[in-house]
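Asker: So you can see what is in the structure, the chains are spelled out below.
Protein chains: 2
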Amino acid sequence: MKIGVLQINPVVGDLTGNSARIVRAAREAASAGADLCVTPEMALTGYPPRDLLLYSGFVARTWEAAQRLAEQLADGPPLLLGAVQANESGQGKPIFNCALWCESGEIRQVFRKTLLPTYDVFDEARYFEPAPTGDPEANILRWQGRTLAVTICEDAWNDKDYWDTRSYARDPLEDAASFDPDCIVNLSASPLFLGKQQIREDMLGAVAAKYRAPLVYANQTGGNDDLVFDGRSCVFSPDGRLAARAPGFAEAVMVVDVDDPSAGRIAGDDFSREAETWRALVLGTRDYVRKSGFTTALVGLSGGIDSAVTAAVAAEALGPENVTCVLMPSPYSSRGSIDDSLELAQNLGIKTHTLPIAPIMDRFEAALAEPFAGREPDTTEENIQSRIRGNLLMALSNKFGALLLTTGNKSELAVGYCTIYGDMSGGFAVISDVDKTGVFALARWYNANTRKGLPGIPEAIIDKPPSAELKPDQKDQDSLPDYAVLDGILELHVERHKSRNEIVDAGFDRETVERVLNLVRFAEFKRRQAAPGIKLTPRSFGTGWRMPLACKRDI
Amino acid sequence: MKIGVLQINPVVGDLTGNSARIVRAAREAASAGADLCVTPEMALTGYPPRDLLLYSGFVARTWEAAQRLAEQLADGPPLLLGAVQANESGQGKPIFNCALWCESGEIRQVFRKTLLPTYDVFDEARYFEPAPTGDPEANILRWQGRTLAVTICEDAWNDKDYWDTRSYARDPLEDAASFDPDCIVNLSASPLFLGKQQIREDMLGAVAAKYRAPLVYANQTGGNDDLVFDGRSCVFSPDGRLAARAPGFAEAVMVVDVDDPSAGRIAGDDFSREAETWRALVLGTRDYVRKSGFTTALVGLSGGIDSAVTAAVAAEALGPENVTCVLMPSPYSSRGSIDDSLELAQNLGIKTHTLPIAPIMDRFEAALAEPFAGREPDTTEENIQSRIRGNLLMALSNKFGALLLTTGNKSELAVGYCTIYGDMSGGFAVISDVDKTGVFALARWYNANTRKGLPGIPEAIIDKPPSAELKPDQKDQDSLPDYAVLDGILELHVERHKSRNEIVDAGFDRETVERVLNLVRFAEFKRRQAAPGIKLTPRSFGTGWRMPLACKRDI
Numbered sequence: 003m004k005i006g007v008l009q010i011n012p013v014v015g016d017l018t019g020n021s022a023r024i025v026r027a028a029r030e031a032a033s034a035g036a037d038l039c040v041t042p043e044m045a046l047t048g049y050p051p052r053d054l055l056l057y058s059g060f061v062a063r064t065w066e067a068a069q070r071l072a073e074q075l076a077d078g079p080p081l082l083l084g085a086v087q088a089n090e091s092g093q094g095k096p097i098f099n100c101a102l103w104c105e106s107g108e109i110r111q112v113f114r115k116t117l118l119p120t121y122d123v124f125d126e127a128r129y130f131e132p133a134p135t136g137d138p139e140a141n142i143l144r145w146q147g148r149t150l151a152v153t154i155c156e157d158a159w160n161d162k163d164y165w166d167t168r169s170y171a172r173d174p175l176e177d178a179a180s181f182d183p184d185c186i187v188n189l190s191a192s193p194l195f196l197g198k199q200q201i202r203e204d205m206l207g208a209v210a211a212k213y214r215a216p217l218v219y220a221n222q223t224g225g226n227d228d229l230v231f232d233g234r235s236c237v238f239s240p241d242g243r244l245a246a247r248a249p250g251f252a253e254a255v256m257v258v259d260v261d262d263p264s265a266g267r268i269a270g271d272d273f274s275r276e277a278e279t280w281r282a283l284v285l286g287t288r289d290y291v292r293k294s295g296f297t298t299a300l301v302g303l304s305g306g307i308d309s310a311v312t313a314a315v316a317a318e319a320l321g322p323e324n325v326t327c328v329l330m331p332s333p334y335s336s337r338g339s340i341d342d343s344l345e346l347a348q349n350l351g352i353k354t355h356t357l358p359i360a361p362i363m364d365r366f367e368a369a370l371a372e373p374f375a376g377r378e379p380d381t382t383e384e385n386i387q388s389r390i391r392g393n394l395l396m397a398l399s400n401k402f403g404a405l406l407l408t409t410g411n412k413s414e415l416a417v418g419y420c421t422i423y424g425d426m427s428g429g430f431a432v433i434s435d436v437d438k439t440g441v442f443a444l445a446r447w448y449n450a451n452t453r454k455g456l457p458g459i460p461e462a463i464i465d466k467p468p469s470a471e472l473k474p475d476q477k478d479q480d481s482l483p484d485y486a487v488l489d490g491i492l493e494l495h496v497e498r499h500k501s502r503n504e505i506v507d508a509g510f511d512r513e514t515v516e517r518v519l520n521l522v523r524f525a526e527f528k529r530r531q532a533a534p535g536i537k538l539t540p541r542s543f544g545t546g547w548r549m550p551l552a553c554k555r556d557i
Numbered sequence: 003m004k005i006g007v008l009q010i011n012p013v014v015g016d017l018t019g020n021s022a023r024i025v026r027a028a029r030e031a032a033s034a035g036a037d038l039c040v041t042p043e044m045a046l047t048g049y050p051p052r053d054l055l056l057y058s059g060f061v062a063r064t065w066e067a068a069q070r071l072a073e074q075l076a077d078g079p080p081l082l083l084g085a086v087q088a089n090e091s092g093q094g095k096p097i098f099n100c101a102l103w104c105e106s107g108e109i110r111q112v113f114r115k116t117l118l119p120t121y122d123v124f125d126e127a128r129y130f131e132p133a134p135t136g137d138p139e140a141n142i143l144r145w146q147g148r149t150l151a152v153t154i155c156e157d158a159w160n161d162k163d164y165w166d167t168r169s170y171a172r173d174p175l176e177d178a179a180s181f182d183p184d185c186i187v188n189l190s191a192s193p194l195f196l197g198k199q200q201i202r203e204d205m206l207g208a209v210a211a212k213y214r215a216p217l218v219y220a221n222q223t224g225g226n227d228d229l230v231f232d233g234r235s236c237v238f239s240p241d242g243r244l245a246a247r248a249p250g251f252a253e254a255v256m257v258v259d260v261d262d263p264s265a266g267r268i269a270g271d272d273f274s275r276e277a278e279t280w281r282a283l284v285l286g287t288r289d290y291v292r293k294s295g296f297t298t299a300l301v302g303l304s305g306g307i308d309s310a311v312t313a314a315v316a317a318e319a320l321g322p323e324n325v326t327c328v329l330m331p332s333p334y335s336s337r338g339s340i341d342d343s344l345e346l347a348q349n350l351g352i353k354t355h356t357l358p359i360a361p362i363m364d365r366f367e368a369a370l371a372e373p374f375a376g377r378e379p380d381t382t383e384e385n386i387q388s389r390i391r392g393n394l395l396m397a398l399s400n401k402f403g404a405l406l407l408t409t410g411n412k413s414e415l416a417v418g419y420c421t422i423y424g425d426m427s428g429g430f431a432v433i434s435d436v437d438k439t440g441v442f443a444l445a446r447w448y449n450a451n452t453r454k455g456l457p458g459i460p461e462a463i464i465d466k467p468p469s470a471e472l473k474p475d476q477k478d479q480d481s482l483p484d485y486a487v488l489d490g491i492l493e494l495h496v497e498r499h500k501s502r503n504e505i506v507d508a509g510f511d512r513e514t515v516e517r518v519l520n521l522v523r524f525a526e527f528k529r530r531q532a533a534p535g536i537k538l539t540p541r542s543f544g545t546g547w548r549m550p551l552a553c554k555r556d557i
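Chain order of the listed sequences is A and B. Read in order, the letters of the first sequence correspond to residues 3 to 557 in the working numbering. Read in order, the letters of the second sequence correspond to residues 3 to 557 in the working numbering.
Don't read these hints as lab results, they were simulated from the structure. Hints may contain errors.
All copies of an identical chain are treated as equivalent in the list; a pair is satisfied when it fits inside any one copy or across any two copies.
The calculated lysine-lysine pairs, modelled on DSBU-like cross-linking and capped at a C-alpha distance of 35 angstroms, are [claimed, not checked]:
no., residue 1, residue 2
1, Lys4, Lys466
2, Lys554, Lys4
3, Lys554, Lys401
4, Lys162, Lys401
5, Lys477, Lys95
6, Lys454, Lys477
7, Lys353, Lys477
8, Lys353, Lys162
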């Protein structure tokens, strides 16, 4: 039995376009000998459609699109299609997340997801009713004398032998496995965090071995807002070994004979932190820009490493000809910053505008002279500069229809070392889940691995001490701890939910910890209004970060 | 049996402060003869603490605070305390939402919430494990020969006789009622939408009558970020009649004898749309500003009705002496707008700054002359003006430590008739869930009902045609349908999830519907970066509005 995995890159909500993508991939799989095909989870709607699912009209049209798709593929191999179905029982949530068995032009069987992830970026309990209890055969597909266990994403992630603690009481895979299936199929829309594929392969391999059945895992690819889906669909032998894997970060059709999975092909991949980061940023940026209807992007270049890396990602994602960089020097900008920025743009083949801001700064100073009389300069004046730059960048964005990319990193966003409506302006925050330490590593990796001997990010940009250049001789470390210390504290507090005493116990100086945690707390209002950015860690700021604002936060 | 309802206004995360509030209220109730006391849901943490709950340290300290609170109240009547408890079973979500029975200095019994709202602004399935199944007596408290049914908020909202469709299969209240309780108690944190109290009273009365038991409903009051809790705790007789009600939008202690609830007092209230709106905006603004650690606020006055109403709310919430208004006229500002704004400020007793922006506009024009060469003026130039104003307002906010209030209404935010980083700048969006039609009604109501003969919002501000004044002779209706039509379409699309065909079928012109829905769609990126605002409708933009951005949205 040859199964064709259709690893597509859907556009959320694009029922027509996604149908076409599925048809195209299914035909390709059929040509390669597939007996049946499997799409990712909710491939028809794209994942995640979020509150589009609250529109009953959208759910109804998804079902109609599924029926049309079944008809279109009537002459080909049958298809397990990820979609949604209205719950007409009058009880519970209004829809099911499901896999539709499309055979001979009809939807012949519906498999409903049981385990609904509701944590971090996932809100499935908000929308979906779980599969009803009491029918252990609910996940069993019988076809041409074969028995398949059909599961959807999280359904396969609750094995009691694999996990120390379990998230759910039910185990639909265990139920299905009791029918001794010839194959376990899993339709997924599993977004990336760095290192996640190793976890997937380890866990799915263990499950395949436990049930002595081949396991086919079909994952979505592409960027949808803050989430990047890395594809890497794979097939495991009944002994738990990885037998086949599709490429990462790209569409693919993979056909594997599950009766002899060892004949499968394992696509080469690079699981290093920097390689995964780079590919995720490039795909996430490309898809956000294009799926939003833009073709061009803008980046403000400060002369620092964050904007340099952002520009490099943009050039790779969109083509350098579709990126414009803007230099906006002030009297506090060093000559080096200007020269380094121009060199970077030249190296990458990006055009630039240079718009000095001193004359505008003067007029703001004059306008505010009366209310500010008798007050010393403080961060207010720094923020004014940053917001002048934000205004210029947005003006270029508005006039030329180019999407403005913001350049802030995760460390800055965590402690609020950034100006709301200033450098935080923009539609998409490319590196907002990369900490400063990671930005340095990525810049070096980029120069060494992607430029093929061409000049990349100038060494001067990588080597100089980080500075916002918003007042004379300013350095980040005037206001912040060393980035190695800061990033260590932030990892414990933001990503691992450690409280201050636990962080101190881990070996950090108490005063520094208190200072950093207070900065994190007071920056919450900025993050609430931040542009979406690409999730790379298990805990990014964005749709999965849901903190109260007007509160005491003694954590 | 006299029950004291402690309708407190907690600060989210403030375990120490909330404990003190509860102790104070419990002592007051004891003095008034209460035999036992009931707090709102999660009164100790404040509701909703959101992702603070992901910090195990916070959960542990909440439990310690509950123990200390029990000890502090050892000499008084026992207390049903809304709090959280760690789930140590090794399965499911890490915590329970619970009511703790604190008696004689100890936590003696724990009642766990069964039904976990996970829709709109509610994310309870993200954090909480529901009460385990299989123990119908789990919600029964036996004390001094009495039987009480203890439920938490949503637990009482799934009666099969009351609702046509049910959200959940379980009914913990029905289970508890089978033990023939002497009283049903419900700890709630039920945020307002306009008209919600009538729904609560109708439903809770029906449940009391069905089970022939008195029902005590204890609700939180106060504003927590986007949510305003209106209090209005109440008690129902076994025949279903409303027997007592605490005041709305204020802390209160209410002691009612549930054996003779007819002796209770029903606080006067005003359920008109405008009165509820006004009280919610005032309380929500006051609490957001103060709980954020601010005492003063800034409002940019345009001469239009939105900023006038926002200034009026701020003056009422914080005292006019704590509000500063800023006029930032451009060459397109009418003389009337300036005069009307000054008159408004004078009427309300608010001080003003006037900062003309023409000189700054000139410098932006010069800075952008080269890149903009050969291009016609468009909305870009309008946005530049708006962002100059945003920069000036934020500079004043930064320099003086005053929270900037934004002034946009829901109609504008829906169709994107607002400038991101411009007039959308600010920490709190006071009227962002009031549509334009509602703003007019509120302004008239305010003048007629709150000013006690003093001048309020100048009639000229209410009567003039709405205009952004960003180019000569501009009117909102040059770009938008009449507000009556626009607001009608938006109500169907945003609040009632109707798709375009359904809206056309409801009697609106197809071309207008298409245009409005496209505007709504393209404004999604602005809403993602909008300031939090006060929820007043069942469907506000904010934490409960979760739309994808880079998508097709053919709904």
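Asker: All hints, please: hold or fail.
Answerer: A quick look at each hint next to the structure:
Taking CA atoms no more than 35 angstroms apart as the test, Lys4 paired with Lys466 passes in neither setting, with 56 angstroms inside one copy and 71 angstroms between copies. Taking the closest pair of Cα atoms, Lys554 and Lys4 come within 35 angstroms of each other only across two copies (34 angstroms); inside a single copy the shortest separation is 58 angstroms, beyond that limit. In this assembly of identical chains, Lys554 and Lys401 lie within 35 angstroms of each other by CA distance solely across copies; the values are 24 angstroms between and 43 angstroms within a copy. Taking the closest pair of Cα atoms, Lys162 and Lys401 never come within 35 angstroms of each other, the shortest separation being 57 angstroms inside a single copy and 57 angstroms across copies.
For the identical chains of this complex, Lys477 and Lys95 are neighbours neither inside a copy (53 angstroms) nor across copies (44 angstroms), given an alpha-carbon limit of 35 angstroms. Proximity of Lys454 and Lys477 under a CA criterion of 35 angstroms is satisfied intra-copy only: 33 angstroms inside one chain copy versus 56 angstroms between copies. Taking the shortest Cα distances, Lys353 and Lys477 sit within 35 angstroms of each other inside one copy (28 angstroms), while across copies they are farther apart (38 angstroms). In this assembly of identical chains, Lys353 and Lys162 lie within 35 angstroms of each other by CA distance neither inside one copy nor across copies; the values are 56 angstroms within and 66 angstroms between.
Violation of the numbered hints given earlier is confined to hints 1, 4, 5, 8; the remaining hints are satisfied by the structure.
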